[in-house]
Amino acid sequence: MQDFVQHLVNGLSLGSIYALIALGYTMVYGILQMINFAHSDVYMVGAFAAYYAAKWLGIENQPGLMSLATLLVVSMVACALLGLTIERLAYRPLRKAPKLNILITAIGVSLFLQYAGQLVFGADPKVFPEVMPDITFFQWGDLSLRSSDFTVLIVALLAMVGLHFLIHHTKIGRAMRAVSQNSSVAAMLGVNPDRIVAMTFVVGSSLAGVGSVLVGMKYPKIEPLMGMMIGLKAFVAAVLGGIGSIPGAVLGGLLMGLSEEMVVAYLSSTYRDALAFGILIVILLLKPAGLLGRYQVEKV
Amino acid sequence: MKKLFFAILFSLPLLSGCTKSGDEIRVGEFGSLTGNDATFGLSTNKGIRLAIDEVNEKGGIKGKKIKLITLDDQGRDTEAVQVVTRLITQENVVAVLGEVASSRSKAAAPIAQEYKIPMISPSSTNPEVTKIGDYIFRVCFIDPFQGFVMAKFASENLKVKKAAILRDVKNDYSVGLADVFAADLKKMGGEIIADLSYQAGDVDFKAQLTQIRSKAPDAIFIPGYYTEVGLIAQQARDLGIKVPLLGGDGWDSTKLSEIGKEAIDGAYFSNHYTSESTDPVVRDFITRFQAKYGDTPDGLAAMGYDAARILILAMERAQEIKPNLIRDEIAKTKDFAGATGKISINENRDAVKSAVVVQVQGKSNKFVTTIHP
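Residue numbers (my numbering), protein chains in the order written: chain R, 1 to 300; chain C, 1 to 373.
If you're looking for bench data, these hints aren't it; they were derived computationally from the structure. Errors might be hidden in some of the hints.
Stated by the list, open to error - Computed cross-link-like contacts, BS3-like style, restricted to lysine-lysine with a CA-CA straight-line distance of at most 27 angstroms:
1. C:Lys-363 - R:Lys-55
2. R:Lys-55 - C:Lys-186
3. C:Lys-261 - C:Lys-242
4. C:Lys-162 - C:Lys-186
5. C:Lys-186 - C:Lys-170
Remember, predicted model here, so these are calculated numbers, not experimental data.
Let the hints inform the model, and build the full structure from the sequences given.
This is the structure we're talking about:
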């Protein structure tokens, strides 16, 4: 029983990381109907921004709320700027081009960031500074719960609620929805689509920034290719939850983390990814639009 | 005009083949200078460069300087195949040094064998590597031996009865060590109560560790690479696992303790060499290495140095600098006193030598015992 609860906590904690990254994918998709493959690499740059900022400010070994706040801000700003630049230079010129072109460009940007990262930061793994003391706050027999397990989950849920509020209850959110439905009509009604899209990237990328610091705290090893696998899994999580749906991304992420954990716990660690992805394929066969996705009628 | 242009264009690659100059010996090296285990490649490269610079300062071999051509395989099997092909067909090297990772040595060795260019791997311990052909050598011991060393150490020194294994399932090296450890520990009267796996690049190991915790082993054998092992140690500590962690030479990096922090302290691993050795040959190597690079060589740098030294000595003994003659001389290496111990090459082209067991203590590793073949 204790083991089961421990597995449950582990799975939720891992899943909340996927959820946080998946939110960025789903948000851009919801507005632009494009998959921003560079998202997970923006996340990587965020981690390095925080790493270098901590070194430069000399707060590597001063865990505490102050350091956490500083690094979060640095990482969010760095990611937002990078996201904005990518949108302006790589995606905006292709706005009118076929969807496939922009998708391929996104893959290109992702590879560019990965390899430029190896060149600039060096390819060997770096050790992320200790930002917050990680404490065991609950111990029951073998079962131990750590603060870092819950921080990420809480932040992911907060981000979900915040995004939902932003999109459904603010003026800019209404503009985003308008652009997503029909960008030229929205433009006629006085919405500047370029600005709204840029805004989407800023919000989505800052989320990656938050994610990078939280993940860095939990798994203190960062390297330029760190976004690859987590990005892939987060993307799958977003699709599983129904891409474009914000609660779907969180649900998908948590399910993904739980299924990985439970496969290792009760089936086989060797075939973890095969079985975890197998479960996801079955779910998608039953619900092709994802768990919370909506079916869209193709206009001909 | 156009025809002439193309004629020149297409004959360029042929010309470049002729640029092989007679006054230098071209030696190739391939390694992971970038990528996930970049410190492996970079350390090895330092050792190799030290050996080659030393011989060049003394006037080279038979009056010719050695030119080292180092190519980066980014830590990927497919890239290793490409760069070794390039070293042999375009750079015209007479011998190849590399790789650290067994999977990349295995990927590249068939190329060297096909072109009949001798290849010496400094530290690929998987048994299959040298079975690829008679041109493939290594200067390190092989996995069965490392698995045997840790099984013997666990059962005799630590009195381990029940052990768990956590292996990197995609890595030949890790799987090889784990299999031999399991078999040998059983022979010595122990048992394996859990055998789980992960994949290189993973960051979360709590599922496996929670599973292992429920079986309550006396020790956990993790024959992986330092990047993952550091995180595994931390997460094991988080889950309250306090039994000793054991590993192989893939742990040998200063990054291990940077990532694992105090969680990895006290863990044991088998290695080729220790910088604490009092052997004068080793002390001399360390002094020269420090003079050149300013830091203490790790095991991989020492292996790189030994691989290059064995190649250099073979080239000195060979009548002519020809790949087949160099091959024959490498095969004759006997009782070479290297930085990683006394090395003889056996009939399988593997090195016969002893191993050390060290204990992690912060950035340095404390020598515990030597285990002989």
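Structure-based check of each hint:
Distance check on the hinted pair: Lys-363 (chain C) and Lys-55 (chain R) sit about 20 angstroms apart at the alpha-carbon level, within 27 angstroms; holds. The hinted pair formed by Lys-55 (chain R) and Lys-186 (chain C) fails the criterion: a straight-line CA distance of about 48 angstroms is larger than 27 angstroms. At roughly 15 angstroms between alpha-carbon atoms, Lys-261 (chain C) and Lys-242 (chain C) fall within 27 angstroms of each other, so this suggested pair holds. This hinted pair checks out: Lys-162 (chain C) and Lys-186 (chain C) have alpha carbons roughly 10 angstroms apart, not beyond 27 angstroms.
A hinted pair counts as satisfied when its Cα atoms are at most 27 angstroms apart, and Lys-186 (chain C) with Lys-170 (chain C) qualifies at roughly 24 angstroms.
Comparing the model with each numbered hint stated earlier shows that hint 2 is the single one that does not hold.
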